[in-house]
Amino acid sequence: DGGITQSPKYLFRKEGQNVTLSCEQNLNHDAMYWYRQDPGQGLRLIYYSQIVNDFQKGDIAEGYSVSREKKESFPLTVTSAQKNPTAFYLCASSSGTPTDTQYFGPGTRLTVL
Amino acid sequence: GQQLNQSPQSMFIQEGEDVSMNCTSSSIFNTWLWYKQDPGEGPVLLIALYKAGELTSNGRLTAQFGTTRKDSFLNISASIPSDVGIYFCAGLNFNKFYFGSGTKLNVKP
Chain L
1 DGGITQSPKY
11 LFRKEGQNVT
21 LSCEQNLNHD
31 AMYWYRQDPG
41 QGLRLIYYSQ
51 IVNDFQKGDI
61 AEGYSVSREK
71 KESFPLTVTS
81 AQKNPTAFYL
91 CASSSGTPTD
101 TQYFGPGTRL
111 TVL
Chain W
1001 GQQLNQSPQS
1011 MFIQEGEDVS
1021 MNCTSSSIFN
1031 TWLWYKQDPG
1041 EGPVLLIALY
1051 KAGELTSNGR
1061 LTAQFGTTRK
1071 DSFLNISASI
1081 PSDVGIYFCA
1091 GLNFNKFYFG
1101 SGTKLNVKP
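Protein chains in written order, with the numbering used here: chain L, 1 to 113; chain W, 1001 to 1109.
Simulated from the structure, these hints should not be mistaken for laboratory data. Treat the numbers as computed from the prediction; the structure is a model and nothing was measured. Glycine included, C-beta positions come from ideal geometry on N, C-alpha and C. You can trust all of the hints, since none of them are fake.
Computed list of lysine-lysine pairs in DSS-like fashion (alpha-carbon distance at most 25 Å, straight line): (1) L:9 / L:70; (2) L:9 / W:1104; (3) W:1096 / L:71.
Derived coverage of chain L by chain W (criterion: at least 3 residues anywhere in the stretch with Cβ under 8 Å from a Cβ of chain W; other residues may be distant): (4) 36 to 46; (5) 101 to 110.
Residues of chain L clear of chain W, computed beta-carbon distances all greater than 12 Å: (6) 14; (7) 17; (8) 18; (9) 75; (10) 77; (11) 86.
When you get a sec, could you build the whole thing from the sequences and use the hints?
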């Protein structure tokens, strides 16, 4: 079954701790994305990567970091510098072609206590 | 970043009714996508549109790529309770995706 997996589904962390969210895809997609979604809101882009070993900041990158060492994997670290980290985090991927379609993972709900 | 204007924000309808929602932008897009998101889940792709004027159906869902390339419409016919959720539009322009803020659909049995 091809798709995007995110783990864990729910994550709890104490304030001041860094936490890493996992995202893996087996769709052979070049591009991967991280979005943040707050209650009743749309999607805001945190970081994206068009190719392995390269990534760019999105609209709300402050307090977050990413790596793209493998095509299949795009982990997101929420650092202690992120002022309001509690949110629903969505990972997505796309082929990167001109007629492109973006597919989403099931999401991780992060709660910082 | 740029956001698409999606309307309405929410809808309360009776089971069996038809539903229409739309997205507009001041920019041209090459691809329009429509997603449905259930609470606590990731958005699921419903329909993808790649050509101006294109009309595509997926069961009771029909979506159109506006001829100006600046808008798209989603229609749901004969709504049922499981249609409840948030519907998002997305446009692709220069390898970047832009999202609407969502239409929350409530269906009364």
